[in-house]
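Respectively, the protein sequence lines represent chains D and R. Numbered according to the working numbering, the first sequence spans residues 1 to 330. Numbered according to the working numbering, the second sequence spans residues 331 to 766.
Derived from the structure by calculation, the hints contain no laboratory data. All figures in this text were calculated on a predicted structure; none of them were measured in a lab. Heads up, some of the hints might be wrong.
Simulated coverage check for chain R against chain D, where a stretch passes if three residues somewhere in it have a Cβ under 8 Å from a Cβ of chain D [unchecked claim]:
1. 530-541
2. 624-635
3. 654-664
4. 713-724
Which residues of chain R face chain D? A partial, calculated answer using Cβ under 7 Å [as the list claims (entries may be wrong)]:
5. ARG448
6. ALA508
7. LEU510
8. ALA513
9. TYR709
We put the beta carbon where it would ideally sit given N, CA and C, even for glycine.
Listed here are the chains, written in short residue letters.
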Amino acid sequence: MSGLGTRGRVLVAAATAALLAAVAVGYVRLAAHRRPAGPPAPAAANREQLTLAPGPRLLTVTNRHLAFVPAADPGGARTVADLECVRAYAAAGTGVCLHPDSAWSYRLVVLDAGLRQRRAFPVPGLPNRARVSPSGRMVAWTTFVGGDSYNSGGFSTRTGILDTRTGGLVDSLEEFAVIRDGRPYRSADVNFWGVTFAGDDNRFYATVSTDGRRYLVEGDVAARTVRTLAENVECPSLSPDGGRIAFKRAVDGDPGKGWRLSVLDLATMRVTPLAEPNSVDDQAAWLDGSTVAYTLRQSDGRPDVWAVPADGSGAPRLLVPEAESPAALG
Amino acid sequence: MYLSTIGRPAQAGDAAPQPRQRRLALVGGNVLALGTVSLITDVSAEMVSAVLPLYLVLGLQLGPAAYGALDGLYTGATAVLRVVGGFVADRIRARKLLAGLGYGISALAKLGLLAAGRSTAAIGLVIAVDRMGKGVRTAPRDALITLSTPPGALGRAFGVHRAMDSVGAFLGPLVALAVLAAAGESYDAVFVTSFCVAALAVVVLVLFVRDRREPAAAATGAAGRAPAVTVREAAGLLRARPVRRLVAAACLLGLATVGDGFVYLLLQRREELGVVWFPLLAVGTSLAYLLLAAPLGLLADRVGRLPVLVGGYAALALVYLLLHGPLGGWPLLALVLGLYGLFYAASDGILMALAGPVLPARLRTTGIALVQTGQALAYLVSSVLFGVAWQLWGPVTATRVAAVGVVLAVAGTVFLLAGAPRADAVGSETAEGTIR
Numbered sequence: 001m002s003g004l005g006t007r008g009r010v011l012v013a014a015a016t017a018a019l020l021a022a023v024a025v026g027y028v029r030l031a032a033h034r035r036p037a038g039p040p041a042p043a044a045a046n047r048e049q050l051t052l053a054p055g056p057r058l059l060t061v062t063n064r065h066l067a068f069v070p071a072a073d074p075g076g077a078r079t080v081a082d083l084e085c086v087r088a089y090a091a092a093g094t095g096v097c098l099h100p101d102s103a104w105s106y107r108l109v110v111l112d113a114g115l116r117q118r119r120a121f122p123v124p125g126l127p128n129r130a131r132v133s134p135s136g137r138m139v140a141w142t143t144f145v146g147g148d149s150y151n152s153g154g155f156s157t158r159t160g161i162l163d164t165r166t167g168g169l170v171d172s173l174e175e176f177a178v179i180r181d182g183r184p185y186r187s188a189d190v191n192f193w194g195v196t197f198a199g200d201d202n203r204f205y206a207t208v209s210t211d212g213r214r215y216l217v218e219g220d221v222a223a224r225t226v227r228t229l230a231e232n233v234e235c236p237s238l239s240p241d242g243g244r245i246a247f248k249r250a251v252d253g254d255p256g257k258g259w260r261l262s263v264l265d266l267a268t269m270r271v272t273p274l275a276e277p278n279s280v281d282d283q284a285a286w287l288d289g290s291t292v293a294y295t296l297r298q299s300d301g302r303p304d305v306w307a308v309p310a311d312g313s314g315a316p317r318l319l320v321p322e323a324e325s326p327a328a329l330g
Numbered sequence: 331m332y333l334s335t336i337g338r339p340a341q342a343g344d345a346a347p348q349p350r351q352r353r354l355a356l357v358g359g360n361v362l363a364l365g366t367v368s369l370i371t372d373v374s375a376e377m378v379s380a381v382l383p384l385y386l387v388l389g390l391q392l393g394p395a396a397y398g399a400l401d402g403l404y405t406g407a408t409a410v411l412r413v414v415g416g417f418v419a420d421r422i423r424a425r426k427l428l429a430g431l432g433y434g435i436s437a438l439a440k441l442g443l444l445a446a447g448r449s450t451a452a453i454g455l456v457i458a459v460d461r462m463g464k465g466v467r468t469a470p471r472d473a474l475i476t477l478s479t480p481p482g483a484l485g486r487a488f489g490v491h492r493a494m495d496s497v498g499a500f501l502g503p504l505v506a507l508a509v510l511a512a513a514g515e516s517y518d519a520v521f522v523t524s525f526c527v528a529a530l531a532v533v534v535l536v537l538f539v540r541d542r543r544e545p546a547a548a549a550t551g552a553a554g555r556a557p558a559v560t561v562r563e564a565a566g567l568l569r570a571r572p573v574r575r576l577v578a579a580a581c582l583l584g585l586a587t588v589g590d591g592f593v594y595l596l597l598q599r600r601e602e603l604g605v606v607w608f609p610l611l612a613v614g615t616s617l618a619y620l621l622l623a624a625p626l627g628l629l630a631d632r633v634g635r636l637p638v639l640v641g642g643y644a645a646l647a648l649v650y651l652l653l654h655g656p657l658g659g660w661p662l663l664a665l666v667l668g669l670y671g672l673f674y675a676a677s678d679g680i681l682m683a684l685a686g687p688v689l690p691a692r693l694r695t696t697g698i699a700l701v702q703t704g705q706a707l708a709y710l711v712s713s714v715l716f717g718v719a720w721q722l723w724g725p726v727t728a729t730r731v732a733a734v735g736v737v738l739a740v741a742g743t744v745f746l747l748a749g750a751p752r753a754d755a756v757g758s759e760t761a762e763g764t765i766r
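Pulled out of the complex, with its shape left as it was, chain R reads as follows (with noise of 0.2 Å):
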């Protein structure tokens, strides 16, 4: 139903009413309503993700060799599908569009997993789907962030939206949970109902978020509409300076990270928990994550995203040094999982919010989809590595390397990004000139 508003310009019934509403609310309506989308389709994606490995193991009795084949599949196929999804955002100028389609795309692949019965090969492709859905969502999603927020409310924007994110994320589980339990056990009524839930966000998008079209018509004068983005255009991004200064910081501080298993496998080692409290780190750091994702963002407005961005990466040092330091006990389980959130709600969202003023607004999908994907790859490169130093040095020397390892991504973020402007000062129109 939106395509018939592509390419027409902005409603002036929509934009009219915004300057109140974002005086008076902490974010932007348009922030809040992709934010509402990102809870309901957290909820529904979470929902799945929670029954799943029962769903293969109990349901389905896969051995442990096919679900690990499977949970491996198709890791890399997402990185490409997101930079072409964000260009194709930004060449037909329809972020929702985009957004849209990876929300449906999800929305849909939880009904294949009705279709798809007990043929692994078959279940294995709708995963694939299902993760296509989020990395043709992703950057289109973030890119509408940063378009509909001025650039010095950017920090609590993002920080907001990764907050109700994972409000998202926390109550999918519970959800499941009472599903199973009214079904009888049914995996089928969990996945009709996680497509319901990922169809209810779907119309959210559709009805509540507004689609942001740059003010590219004031940039090439008052002819009408800018010529599209062109893939010249595009790979020029890589060009301009401060960009590749951009993607190659997020790149090193996705160099930085080893990744959640690995912490919270020393953890459980270290400590000898009972392998029963395993799951629970991941839920403690989801904790910490939502409750300073939005004060984190509102701080970095203020004091500026590159030291709250350092501070989480100083947060993340610290864990892994604490994993084999000198606390024990409880206090060290809440301090790495408490500090491990604190680094989630520093860094995601941060990030964006610190990369939305570099990209000229016309590719800014195509150059979120760029940062992203430098990051993703760069943090797989990083955890096979540290699988190696692990096999070579053992653990213990692994994780103090890793510490090493970021501070100096920290250092040369920091040697990368220093030039860039404060984001207040950048307004949202171009790179090439305001930036040094």
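If we strip away everything but chain D, and leave its shape as in the complex, we get (with noise of 0.2 Å):
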């Protein structure tokens, strides 16, 4: 560059500078031009669908909003709502979604079985579970945050709960005192995720990880404790009789060789790995007693909803194209 004088280099940036934004520009006009389409229209007909109330239905996220599909004909015709939801759940009438303000900030959205808006707040981070108990009242939530700057590590969770019917929420579960293996335990690095609640409205179960162990708890509302229960089990989703637990059990117990889905049998503590043989990073839902939904992404990144027996018998199968986030209502 030293053939160049001051002038002469700065012609160089500035056409530099001109060539590498056009490339940007240009690349950004594409992207824009290859975004999908919005969701389709629900259709007239099918506008009794759009309603959390129990029936034989399928609540889902499709392209980023909520969609119902029959749950005789699930890859059959879906009802789509105008409602955005990155994440979402329903159980007895009450929905919970996780719907973005931006593609920053996120909201909590509580529904009620017509999809009205119940109650509304922000959440941090960026959404990744949600539940809501199997009476409809209480609703938990998982987000991410942290991760602003990736080049000096560390990362965290926030998992909270909100009581519908009282009002009561729990900003995060890392309030709640921690019992591991029987005696109290305290650590900067507790992070929870992935609650599943039982059918009393106050016990529930949750990941927890420290120490590089990932545990099984079993948390107690008012107590406002959690005790561990069983190690590297994530994603706990309790079966609708309260006796067994679906749940990734990460291969060799190491989360970078990918996650087996897997049922935990509460009374025996037997494990039994499920027919799945992809690694399926997702929360499970049960459909019935014998079958658990969970989305697995293809490698383009778009997510389809499968299932398989919750006995380890059987095989996957495809339940509905193009989904995610799946909750039976029935």
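Now that you have both chains on their own, put them together as the hints suggest.
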């Protein structure tokens, strides 16, 4: 560059800047053009399907919008609501939707059976999990916070619980006392995720990560405690009978190797791996007492909802193509 | 292109207009050029930092454990690479080349994110490569700043450079937001734009940053080129008492810091801040850092770097004490974030300004890399220790112990560095001789 005077260098810099700007703008316009079209408008004939009331239907998220499919024909006609959600769940006429305000900010919306907003408040970070108790009273969610500088390391999750009857809000489960292996435990690196509620609207199960280990914990909302039950159990999902937990189990205890969808019998603590051979990184949902549904992603990132028998037998089957975040309303 | 100039003496045309420019400006043209490169690069880097969590969690739907494993990867690797890069820069006497290489590697890593697709392992690798680029470029860049600035003006040179750097970090997320909005939430578009911005920074570096060759020819006589720096000579750097003391002080200061995450977490718990406000704590700190970096650099040139550094760590001790102190509410938040920003402004660049004159020009990059690596590794240790203290004694006692730790570290630093002469008394030629 020594051959160039100041003016020459400024010219070269300006020309390069213009060229690079053109590349960037061109790519951005191309990307905007590629963007998939919005969700199909709800067909008038299916409007009566736009409800969270119990019935033989499945709730999913399709193209970031709430969508309903008939349980008998889940691959068939789909009714899509206007409400934008990146994760959703519903039970007994109560729904929870993690709704984007912008790419960075999300709001938790509690819905009634008619998809009307009952309560909404901002939650920090990026939505990851959402759950409603079987009675429809308790709501839980998990978000990722931090990670605002990927060069500095350290991540954390934030898991909250809302009692829709009393309005009681637990901002973060990290306020709860942790009992690990029978002893009180505290550490700055405790993270909670993936809550699932028991039938009494007080007990719950969740994942606690600390010290590089991931535990299944049983929690008590009233007593504000959690105690560890087992290791290497993530994203628990309690069966309708309350006796089994579907979860993702890190292969060889190493999340880097992926997860095997499995079921834990709470009475015997025996673990049964399910027939899904692919790594499942999701909190599964029980469709009935013998089947669980979960999201798998294709190589290009498009999600599909699959189902597999909960006793380790059979084979996985594609339930709802191009959908994620399943919940059985029936 | 700048390869062709390596080994040739500095261009006469480059050096001639400089003294006049320097009198006019607060800092030299080369520092401004490096500051501009850092500003543009930080726009690019922070664009990706801002969207990467969105991409991983919402785009790829990674679960908590996978994200954590990715996030914690490869932290120590950059430390070693930084020293090796520093040595190579000194050996082939091409700080600009090594800095450019580092900036270039990070720029290419942005395209790597596109190529990595949905593979967690590939994304981890790309992030590691990006960090390698950062590791390679930092020491040569800081060495160039010290070599382009008279010793008496190092404080303000680093102050201005760090302020420009922070401006870029501020703009990055805004640019990313604009791109996401324009591109219909396409993460690819953010990565491509980030690459274009990073590439522009490399071009600016190539065109406007002048490589500084130490006045080694003068020291070795008229024979021409000085012999290349050897590994032995670099290892001998630590045998020089002032350098050893400097690196020891950097390690001590690294031990005094427990990490931003802990400070913000405690502040948020103490104030029961809606967790939504959590990210704004870091924004408040950077704002204070951005505003204070240049003024504190100027102050350091007037009153000395060590007093400003000590003041910065006093602010840090106050931060730790205030986390469980008598104040509360908005006054506490404003004071803690202001003091925390002041700590950064009075420590990061100031330590480099302090280090520059102590290190022989021939081994300036290696020396700066040693100082930065020592500080970074000590910081890793201290954040682990703080985690253990938290577990044993709870957060209140742990932060008070940390405050005591800061006081001890600063006392040790003063003891180690008080013997070093004021920067304006030292020439940039050599460490031995001028320093007791």
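Verification of the hints:
no.: 1; hint: 530-541; verdict: holds (count 6)
no.: 2; hint: 624-635; verdict: violated (count 0)
no.: 3; hint: 654-664; verdict: violated (count 0)
no.: 4; hint: 713-724; verdict: holds (count 5)
no.: 5; hint: ARG448; verdict: holds (6 Å)
no.: 6; hint: ALA508; verdict: violated (9 Å)
no.: 7; hint: LEU510; verdict: holds (5 Å)
no.: 8; hint: ALA513; verdict: holds (4 Å)
no.: 9; hint: TYR709; verdict: violated (10 Å)
Violation of the numbered hints given earlier is confined to hints 2, 3, 6, 9; the remaining hints are satisfied by the structure.
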